[in-house]
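Quick mapping for you: the protein sequence lines, in order, are chains W and X.
Under our numbering, think of the first position of the first sequence as 37, with each following residue one higher.
Under our numbering, think of the first position of the second sequence as 53, with each following residue one higher.
It should be emphasised that the hints constitute simulated quantities derived from the structure, not laboratory data.
Treat the hints with care, as some may be off.
Here's a subset of chain X near chain W, in silico, CB distances under 8 Å, partners left out [unchecked claim]:
id: 1; residue: H60
id: 2; residue: D158
id: 3; residue: H162
A few chain W positions that, by computed beta-carbon distances, are all more than 10 Å from chain X [to be verified]:
id: 4; residue: D79
id: 5; residue: G107
id: 6; residue: V147
id: 7; residue: R163
id: 8; residue: D303
id: 9; residue: H373
id: 10; residue: A375
Computed spacing ranges between beta-carbons, pair by pair [said to hold, decoys possible]:
id: 11; chain 1: X; residue 1: A140; chain 2: W; residue 2: P314; range: 55 to 61 Å
id: 12; chain 1: W; residue 1: G59; chain 2: X; residue 2: D137; range: 40 to 46 Å
id: 13; chain 1: W; residue 1: R56; chain 2: X; residue 2: R97; range: 37 to 43 Å
id: 14; chain 1: X; residue 1: P142; chain 2: W; residue 2: E399; range: 24 to 30 Å
Virtual Cβ for every residue (Gly too), placed ideally from N, Cα, C.
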Amino acid sequence: MADVSLAVQQIDPYRWRVPRTGGMRTDGLIFADAELMHDLEGDQCIQQVANVAHLPGIVGPSIAMPDIHWGYGFPIGGVAAFDEHEGVVSPGGVGYDINCGVRLLRTPLTVEEVRPRLRALADTLYRLIPSGVGASRSDVRLSPKDLDQVLERGAEWAVRQGYGTERDLACIEAGGRLPGEPDCVSRRAKQRGQDQLGTVGSGNHFVEAGYVSEVYDAAVAARLGLELGTVTVFIHSGSRGLGYQVCDDYLDRMLRAAAKYGIPLPDKQLCCAPLGSPEARDYLGAMNAAANYAFANRQLMAHYVRRAVAEVFGVEAAEASDLVYDVAHNIAKFETHEAEGRPRRLCVHRKGATRAFPPGHPELGERFRDIGQPVLIPGDMGRYSFVLVGTAGAFRETFGSTCHGAGRRMSRHQAKKVARPRNIPRELEDRGILVRAASRATVDEEIPEAYKDVARVVDVVHAAGIGKKVAKLTPLAVVKG
Amino acid sequence: MTYYYLPHTADLRVAFEAPTFAALLEDVVRVIREQTAGDGPVEARAGRGVALEAPDLAELFFGFAREALAAFQVDRFVPAGFELDALALPPAPPSLAGRLWGEPFDPARHEVQPEIKAVTRHGLRLEEGPGGWRAELLFDV
């Protein structure tokens with residue numbers, strides 16, 4: 037690991053500079069308030085911001101969002117953009133769970149209508165959407181040819197199979213489809229993805245019914261169908277075992293590539309290849325294929341959410357349950373940004389960071405063109421989550437990116453220790469939140485106090501101008517792995 | 053037990069101390085057993101061959117951890133122990149061969165654990181000292 041002197045300098049109440057030193061090619065820039073910065077003491081994530089700044093072809097600073105925490109290679113909450121000719125792509129800048137992301141549906145139901153039948157809704161969601169490590173489903177059988185179609189066409193494949201509507205596709209980042217190359221995905225990765233489509237997985241992934249408990253921007257909230265009291269369903273999941281395997285496969289290849297192209301690495305997990313090299317092309321093809329798997333995965337889960345709503349509240353309620361948005365927070369994409377006074381095509385890595393394009397951006401569909409891209413920020417299962425929209429400030433300063441969640445503040449080991457003598461599901465139920473989980477261990481590791489207060493994280497991005505608050509959602513029922 | 057968990061906010065960071073390299077590998081299997089099936093007993097009912105080569109010993113150690121985890125990720129096989137048949141240490145090109153012993157995950161007897169996505173090379177350490185071997189691994193959860 038690089039050993040840099042981390043004399044972090046405060047720029048203003050929400051920005052901190054990690055000055056360029058040693059082999060760093062640029063500064064680091066961290067968005068946080070003083071208290072969030074204090075939380076980072078003793079953590080290696082600031083070092084990781086500096087490590088990313090060592091990579092060739094980086095444009096602008098190595099950026100970290102206020103939910104930054106210690107990852108592997110890149111910090112979680114990291115954003116870095118690389119010149120398309122001189123830069124690199126790094127699987128460590130995307131992470132194992134390629135296109136881990138969040139999807140939000142809004143139902144036509146109000147919290148008053150749902151509360152009396154909340155137990156039935158929680159049980160039905162838990163029954164219809166398999167959760168937990170290695171969860172699979174027997175009702176969605178993919179032939180090898182089907183799987184290649186998923187890897188190539190993403191959410192569009194799912195909609196063509198009857199899992200959703202055309203309207204859904206218009207409410208997904210990149211239309212739910214990136215230029216995936218199934219041939220770049222290994223046999224083992226495909227084997228792991230064969231029966232996991234439509235499953236939520238484990239760890240911090242979840243399906244959560246909640247309701248709009250506070251509105252900050254009534255006009256935008258109304259456009260998104262998020263009036264006060266509206267019941268919503270959040271889905272947080274990614275590319276499951278297939279994506280993890282793609283990352284693992286290409287880390288080996290990128291280690292060899294970094295040696296081949298003479299790229300010095302401050303951390304092996306930052307291994308990378310020049311954009312335009314065969315190694316980079318193959319990785320991007322495989323990463324996009326895994327991203328498509330994740331888009332299709334969330335599309336199928338949304339279908340089963342609608343089926344749960346239909347079982348408990350009727351078909352009409354299910355048919356009127358619209359997708360608000362679906363956004364990735366672990367991805368690398370080519371985008372055009374203004375840098376050094378001119379538009380440049382850059383490969384923007386977001387690892388634990390959300391795209392937050394402003395009103396007027398040409399990549400946004402008609403529906404969002406005048407309000408900006410919806411940004412979905414889940415919190416912990418006991419407090420709240422937020423909906424924001426992208427801003428011109430984010431586009432100018434962070435390559436159109438903002439935070440992705442609360443960020444952990446307690447280790448998993450510590451969280452289990454704290455939770456062991458307690459009954460967490462009972463505690464949450466006493467607060468009106470039902471939990472259904474495949475394992476007690478997951479619930480214990482995910483206790484609310486293991487996370488930072490997502491409201492503080494969101495307040496920082498709002499105050500710094502890299503996201504605009506629209507609404508707060510409060511959980512009612514949570515399905516965990 | 054010669055492994056312990058180090059502080060880490062999001063993932064699992066484990067330190068190992070063992071008198072021999074072979075004992076280090078057995079500890080890796082213990083961690084993966086604990087992180088995939090909980091504290092209950094796992095029986096050595098079936099074996100799976102493992103044969104690895106690597107450019108250096110740290111990579112061999114990392115590769116072994118990845119193989120042991122893959123047994124669970126791909127085939128739901130919970131490893132309970134490792135029988136080392138052959139080990140080549142530097143200056144010879146590092147390699148190992150042996151058998152992972154364990155059994156298929158049984159939800160009736162094994163406790164579902166949060167998913168480990170991968171073994172990472174971040175902070176990977178392996179060193180031999182006067183008292184034996186020390187190593188560190190970070191698992192992405």
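Worksheet entry | Hints violated by the structure (numbers, ascending) | Of the numbered hints given earlier, those the structure breaks are 2, 3, 4, 5, 8, 11, 13 and 14, listed in rising order.
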